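Protein chains in written order, with my numbering: chain W, 10 to 400; chain E, 10 to 400.
Please keep in mind that the hints were generated in silico from the structure rather than gathered at the bench. Take the hints with a grain of salt, since some may be wrong.
No distinction is drawn between identical chains; accordingly, a pair holds when it is met within one copy or between any pair of copies.
Claimed, not checked - In silico DSSO-like links for lysine-lysine, alpha-carbon gap of 30 Å or less:
| # | residue 1 | residue 2 |
| --- | --- | --- |
| 1 | Lys308 | Lys144 |
| 2 | Lys139 | Lys331 |
| 3 | Lys232 | Lys389 |
| 4 | Lys234 | Lys14 |
| 5 | Lys389 | Lys308 |
| 6 | Lys234 | Lys147 |
| 7 | Lys123 | Lys234 |
| 8 | Lys331 | Lys71 |
| 9 | Lys351 | Lys123 |
| 10 | Lys14 | Lys144 |
| 11 | Lys288 | Lys331 |
| 12 | Lys71 | Lys351 |
| 13 | Lys139 | Lys389 |
| 14 | Lys389 | Lys144 |
| 15 | Lys232 | Lys147 |
| 16 | Lys349 | Lys14 |
| 17 | Lys331 | Lys308 |
| 18 | Lys308 | Lys14 |
| 19 | Lys123 | Lys232 |
| 20 | Lys308 | Lys147 |
| 21 | Lys14 | Lys71 |
| 22 | Lys234 | Lys349 |
| 23 | Lys234 | Lys144 |
| 24 | Lys71 | Lys389 |
Since we're looking at a predicted model, the values are computed, not measured.
Number of protein chains: 2
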Amino acid sequence: MESYKTLNPTVRTLMGPGPSDIHPRVLSAISAPTIGHLDPQFIAYMDEIQDLLRQLFSTQNKLTFPVSGTGSAGMETCMVNVLEPGDRVVIAQNGVFGGRMADIADRLGAEVVKVEVPFGQYIPIDAIQKAIDGKATKLVGIVHAETSTGVRQPIPEVATLAHEVGALLLVDCVTSLGGIPVEIDQWDVDLAYSGTQKCLSCPPGLAPVTFSQRSIDVIRNRKSKVISWYLDVNMLLNYWGGDRVYHHTAPINMLYGLREAVLLILEEGLENVYARHQKNHQALVAGLEAMGLALFVEKPYRLPQLNTVVIPDGIDDAAVRKSLLTEFNIEIGGGLGALKDKVWRVGLMGYASRPENVMLFLAALESILTRQGTSVQQGKAIEAAHVIMQS
Amino acid sequence: MESYKTLNPTVRTLMGPGPSDIHPRVLSAISAPTIGHLDPQFIAYMDEIQDLLRQLFSTQNKLTFPVSGTGSAGMETCMVNVLEPGDRVVIAQNGVFGGRMADIADRLGAEVVKVEVPFGQYIPIDAIQKAIDGKATKLVGIVHAETSTGVRQPIPEVATLAHEVGALLLVDCVTSLGGIPVEIDQWDVDLAYSGTQKCLSCPPGLAPVTFSQRSIDVIRNRKSKVISWYLDVNMLLNYWGGDRVYHHTAPINMLYGLREAVLLILEEGLENVYARHQKNHQALVAGLEAMGLALFVEKPYRLPQLNTVVIPDGIDDAAVRKSLLTEFNIEIGGGLGALKDKVWRVGLMGYASRPENVMLFLAALESILTRQGTSVQQGKAIEAAHVIMQS
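Extracted from the complex, chain W is given alone in its bound form (with noise of 0.2 Å):
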């Protein structure tokens, strides 16, 4: 046979949006030894990934469970299940994963309501209520937080417009579970789905999805069968939910890991969680504008988990990402869809959000833009960062 090099991949920063750092505790887990998916060891853990992932979302819903995919498969999941052809929906798209809901909805028959605003821009509370416009709605899909431009949600109100009319309410937490507070019962959120390679800082590869009481009610009133038989809920809640009755195999390591993933984060505790993104966020802002540089998201709308940077004129986008992950082995993410060479995006998700993480990407950012003759503050964005670090 021809010959392959052994695995070897370079230890990264992964500053981008997704995968994010993972913690040793989380990849020694995933090389656990594999046992069978309907092993009493394995059953109990399934109860405790449950039980975990029920305290992330801050729910007591029964039916909250990984879905064996990888966050597109969440939101999948949650739309396939509920929707059927001419169902009215309403998304509320300010992004690529908004657009992503859409599609979704539009392949399995909806008729799609869009509610459209620049990319960067929060959706105001009036414009979702004005496509909803008093009509019975089955569904309104919103983003928490939008991996593809970093602007945080307002999620409460939308919650009640919707229900107002009888619709329920998706909400896409891949990027802020476990980076900002998601409250699925006190919001009242009939459907949330998220991803793992986020803030959780688990390899990609699982979609944590919870569904509300009124969603299964909406599901067991269906007139036609879910068309997806790898993503249909109700075997799953034979397996997931009660019986463990046997659907597919289970990724076992996968979900050793996303349930080491889960306790990290709760051992730290969750308000704990929430304040360290904030900081490191706040820092982070800190040095790129004592740097001379903007952000792209207006201040009250910012996530501090997906810093979206005004990328400055004349300067080459690719080959800053370059320099960034060649020399300094640092991800970060560019722009997507109509961002593209507008914006840098930088994570500071999970275990990535840690101040050495901060420090670095500042020093490095500066020298290659330094080097590159971009006219930005030198030496004083480090001074800046360190200040909001010992605040």
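Use these hints to put chain E onto chain W, whose structure you have.
Just chain E, lined up with the frame of chain W:
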């Protein structure tokens, strides 16, 4: 917070229908440092993984890649991309997984014609011909290695029948790939899927698939959009097929494991791997028969990697499996569907197909059955197996 114990799954010998024993090199690979899914190093690994999977499937198909889900997601990927409502589909069913194919086709609105034979039998070619009935058919689906029964199904004649009426041939290779020869190009198979947790001896979570040019042409000529966004090959083609356009975040660490697992197989050599599976199977059968137990499947149709053993009258299935697990840390499977309480499913898959596993299992089973008061032949099984191993 509530206290949770340190993750500490018992080391089991996995001789069920999957997951199978995982080679230490694979467990080590999946805990390698996570890098980004758009990192040039990861892109290079993606190329290698596709190349390795082509060797395993014996195909030149460009569109050969691992779906980010378990084996059933692979099944659904193949079907959701080629089927449209009203399509005529012939599904050969002699076990649980043929039934699952029919279920998925039905959900997609296809007109499903089933060829059913009892669990444990192979499907005669003339029964398939009769079901096709010379009519224009979109897809013929069949399981190469029925995980629920241990039956091996000949494939090449089915391909000829399917192509005569312009149908695509879909083959379930979940349990066959890496255990018995799978010759996608030589047999002229259009769509095939597998799973990682059977003869590849990798943890569950990925589904290798391969699509022929003929099937891609069918997808390109669809009238309707693929109903699943997550599994839409039109977009996956841009990610796995050429430009590496971001679609979803690939399960990085699981892919490290898959790369290592396939490397292990190719380093040993496909022919050697198949011969090893065959020999350990023969040793197991010799031992079981010496003990007085019978195999459920007729000899010519037995899978070496999945052995269904008839449970003797008066034996408590669950009690035997529980003793195997709790006393000896051996996992085997019970019967599924129509075979519940009637058979044991003993896997010798991938890294689990080793002489020491055969010996351990025979010794443990003899001990348990003897204590249960069954009239098994004592002290013969080990010697009978050993004779085969030395031959």
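Query raised in the report: When the hints from earlier in the document are held up against this structure, which numbers fail?
Result: 1, 2, 3, 4, 10, 12, 13, 14, 16, 18, 20 and 24
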